[in-house]
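A.B. asks: Residue-level listing of the chains:
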Amino acid sequence: MSDGKVNPVLPPPSLSVGVIGWIKKNLFPSWFSGVLTVVLGYFIISSLIPFIDWAILKADFIGESPADCTSEGACWVFIGTRLDFFIYGFYPESEHWRVNVIYLIFGLIIVPQFFSAVSARIKMILGVFGVTVFPALSFVMIYGSETFGLPIVGTSVWGGLTLTLILAYVGIVAAIPIGILLALGRRSDMPLVRALCVVFIEFWRGVPLITILFMASVMLPLFLPDGVTFDRLLRALIGITLFQSAYMAEVIRGGLQAIPKGQYEAAEALGLGYWQGMGLIILPQALKIVIPGIVNTLISLFKDTTLVLVIGLFDLLRAVQATIIDPAWRNVATEGYIFAAFVFWVFCYSMSRYSQMLERKLHTGHKR
Amino acid sequence: MADKRTTRSGGFARLWNDPTVRARTFQILTALVVVYFFWTIFQNTVANMERRGISTGLGFLSQPSGFGIVMSLIPYNETMSYGRTFWVGLLNTLLVSGLGIVLATIVGFIVGIGRLSKNWLVSTLSAVFVDTFRNIPLLLQIFFWYFAVLRNLPGPRQSMEIGEMFFLNNRGLYLPAPLPEEGMGVVWGVLVLALIGAVLLYRWARKRQEATGQQFPAIRVGIAMVIGLPLVVFLAMGSPMDWDVPELRGFNFRGGIVMIPELGALLLALTVYTAAFIAEIVRSGIQAVSHGQTEASAALGLKRGTTLRLVIIPQAMRVIIPPLTSQYLNLTKNSSLAVAIGYPDLVSVFMGTTLNQTGQAVEIVAITMLVYLTISLTISFLMNIYNKAAALKER
Chain E
1 MSDGKVNPVL PPPSLSVGVI GWIKKNLFPS WFSGVLTVVL GYFIISSLIP FIDWAILKAD
61 FIGESPADCT SEGACWVFIG TRLDFFIYGF YPESEHWRVN VIYLIFGLII VPQFFSAVSA
121 RIKMILGVFG VTVFPALSFV MIYGSETFGL PIVGTSVWGG LTLTLILAYV GIVAAIPIGI
181 LLALGRRSDM PLVRALCVVF IEFWRGVPLI TILFMASVML PLFLPDGVTF DRLLRALIGI
241 TLFQSAYMAE VIRGGLQAIP KGQYEAAEAL GLGYWQGMGL IILPQALKIV IPGIVNTLIS
301 LFKDTTLVLV IGLFDLLRAV QATIIDPAWR NVATEGYIFA AFVFWVFCYS MSRYSQMLER
361 KLHTGHKR
Chain Z
1 MADKRTTRSG GFARLWNDPT VRARTFQILT ALVVVYFFWT IFQNTVANME RRGISTGLGF
61 LSQPSGFGIV MSLIPYNETM SYGRTFWVGL LNTLLVSGLG IVLATIVGFI VGIGRLSKNW
121 LVSTLSAVFV DTFRNIPLLL QIFFWYFAVL RNLPGPRQSM EIGEMFFLNN RGLYLPAPLP
181 EEGMGVVWGV LVLALIGAVL LYRWARKRQE ATGQQFPAIR VGIAMVIGLP LVVFLAMGSP
241 MDWDVPELRG FNFRGGIVMI PELGALLLAL TVYTAAFIAE IVRSGIQAVS HGQTEASAAL
301 GLKRGTTLRL VIIPQAMRVI IPPLTSQYLN LTKNSSLAVA IGYPDLVSVF MGTTLNQTGQ
361 AVEIVAITML VYLTISLTIS FLMNIYNKAA ALKER
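Chains as they are written, first to last, in UniProt numbering: chain E, 1 to 368; chain Z, 1 to 395.
Bound-form chain Z, shown alone:
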């Protein structure tokens, strides 16, 4: 009797203590809980939507939207579909993120290098910049630039202007728009050819240097080629370019390119905020390169500039790239704060207005999140490729 019980519980205990069995049981249980969880949510959602009379499916994307958007990179008006509003919003998001990434990188690198400057004023000012803007919420900065600065600019009639070409007022920044005339295509063609030529030249110069040790100023010649050749052609064709200069007509400006204050405020805030983070990344990246590297390259007889270009920057970049990528991702995600000041980005146009009009919360929230997920995963995928190429190759 006693014997039997021991064997039975022993068998059970053996089974219970077998890691594989336990792992499998636990995973099956987890799977069941997760499936049940999503099933309940699904059931509730369907029931709730039926009760509230919300239609489902993606049919709404082809219905006319009936609302205007202040800024659009593609032709758009109220009669177009919700699908079109999605693209307008997405392009506006990509525009502000792209511009923001470029500007924040430039400012961030300048400030980051400035923090390491031997000049006391430069390093202190950079440190103050970083410590100030990193510790103030981005949304507050956006509001500040928008409501306290750009909204308080003078009206169109009292615009600030530079040389009757650029105008800044509370309706936005007005820039002259280029109007290409016949023959401009040739100039663009030459520019592309010059770019290809410069790359080929650089490769040739490098190969020659590796083979013979002879140097060739490929970068300088390349830059001269890329700027010079199209310029010569441009002048030879008789300057086939006109400018559409904005003009004050009545109460507002006509013509030119307008940068609406919403875009300006968002861009300023995103740039300054992200630049403060990038500056810290750049500083720590440069400081991570040990001093021995600088000394070794000096011992090899490299000049200061060459040391920076060939020894310090490549090694610092290895440390800088991964956190820099996550800053780019943050900037892209943070551009969704546009909704708070009414810049027509994806969240504002699609998750805001379109959702309010159609009520199809599930589809719209899912599409929007999917877009951001795709952007995030794409950027991190590309950066992983770069990272692999730049990582230490240990032999």
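So that you can see chain E by itself, here it is in the shape it has in the complex:
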């Protein structure tokens, strides 16, 4: 040191860098952790290898009939042959193009939302189009209309993934306005309005969706005057909307509560009335911060749509249930459920990633 020379910087010990260093730090930091790694590693490998073997290596992918499933592995041929049924249900094949057009428009609305290159204005326009014109357009296309020369296709043959998406979409779009009104009502100064909203919200949140669907399917017909009947799908949609609007109201109330009091006072100071103040000042801010919450309720609604099978609607899960018992095929229950699980998972996981992304993005301005 005294001769003024600086010692060269030594490289870190070889055991603490590179692959070995990573393994030592992340897999064997202590003896307990190391034992855990070994046990879990053994468990994963011993279950993953047979699964890959079954699902990929020994599986049959190509073919058209049960006879093509010759090997011991999974019979994915089954999924391939029934794919149309899983997507469209009993919807007549000659009219599938109508559903496809709606899927295409739906894709055009949704996909740009994931890209930051698209301007916020375009996203807004697409979003508004998605909740106003699009549902009406979809109804005309899927149900049919004599004036446009589209043959009527009754709701009893709607099914599969299409029905699942319809239930979730209508549920969420119809629940948002009702949810806003309920949330405002729950925070109202008028005791009667507040009490009614609280009772409404807590009632629907307190009972399982299945009992609501039962109610919608067996009690709703009793509530209506003689001669008025509701379609089965419409009954399910009413049940889902009531249920969902209660949850939506609580999400939106969270947003309303997060808006500082100064904003409410500022709206009043500007001389705005209640609806003007809410519509122009409070709700735009509140709704913006609850978008992730809305997406989260959409995820749970999407999963909950499977319950409609108990009242006899033919959603994706019911379509899978109905086909896997076909005696022409050997036991394909596992393949069917894995396929359905995969479809639901892709939708829910991408929605949850989207909501996390939004949360990160929106967290900047409103963090207090």
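Honestly, I wouldn't trust all of these hints.
Stretches of chain Z that chain E covers, calculated by requiring three or more beta carbons in the stretch to come under 8 Å of a beta carbon on chain E [as the list claims (entries may be wrong)]:
(1) 27-34
(2) 119-130
(3) 332-342
(4) 364-377
Just so you know, the hints here were simulated from the structure itself, not pulled from any lab data.
These figures come from a predicted structure and were not determined experimentally.
Virtual Cβ for every residue (Gly too), placed ideally from N, Cα, C.
Given the structure of chain E, go ahead and fit chain Z onto it with the hints provided.
C.D. replies: Showing chain Z alone in chain E's frame:
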């Protein structure tokens, strides 16, 4: 003339712009609309039920049901009343919810803490668990466990077994049933006494520590007391307990306790699904405790375990409890999916079979919803009490 008009409209405008008057008018109108709405529904329902010849009232509850139920916690057979089927269903719902809550809490806490582990394999595996099971509909998971797994188990003759005591086949899981003999009552009595003693000991030790600073290993001694004392008495009495081991007779097993596959599938699915949500709650709760707290307790000289027990967990629990409660409620409500695989819960037995047989939709749907509402409100009431006790006491 012009003057007069201004005053009149001015008076009306003043009235119209008076917030109290407006609020009252609006509320009266709302009340009228609501009352009219329910009145119409009531009228329609009465008319519809008369037309269809559906009887009303709760009289059906005392009529004989005439159908069997595969699993019942209380004695039940076809000759008993619909009222009895209600209790059978309710108890089955409470059983599966109670078991589900305990198991989901255990699994959820393990996975949630696992996600924060420094071990890469443990944290990745926990994350995969959460992301997989949270994003697959519960009903699909129930179907998977029931139709694809439990239904495909070997038949009774080829059961999987552990030590000729536990048997697993496509009819269910068979466990040995305890048969208490004379003298078992004394053992239970000692257990209760030991529990009371342990609580008293813990209180005494705490008081002493607060007063003098001297510590006493109350928890360890307490556990030893609760396990040890009854065990000693049990052995001293000559083991007054026999086991009813299930046996294969003919085509099925006899004796023991049976866990039917419907219960197994429902419980598995509810546990895994809810545990994935609880894991996320636990993770975010622990992460919500700021690192400064850990450092402060280290600076005070607390050991790692003590830090966890006295500093981190109590603060994390404050964040964890409210969402955890709503998960418990969700689990209880989700147990109604039992109807889809035929586990005889409240919805399946009462809202399903009983409703189909009697046709009294209004009463049955109302009773069922009321039960779930009561459960929901009770749990949230109890949790609110706890929450108040655990909330930050700001001075």
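A.B. asks: Please count how many residues of the stretch 119-130 of chain Z have a CB within 8 Å of a CB from chain E and say whether that reaches 3.
C.D. replies: holds (count 5)
A.B. asks: Confirm or reject the coverage of the stretch 332-342 of chain Z by chain E under the rule of 3 or more residues with a beta carbon closer than 8 Å to the chain's beta carbons.
C.D. replies: With 6 residues closer than 8 Å to chain E, the stretch 332-342 of chain Z meets the three-residue bar; holds.
A.B. asks: Between the stretch 27-34 of chain Z and chain E, see if three or more residues pass the 8 Å beta-carbon test, and mark the coverage as holds or violated.
C.D. replies: It holds, with 4 qualifying residues against the three required.
A.B. asks: Against chain E, does the stretch 364-377 of chain Z show at least 3 residues with beta-carbon separation below 8 Å?
C.D. replies: holds (count 7)
Comparing the model with each earlier hint shows no violations; every hint is respected.
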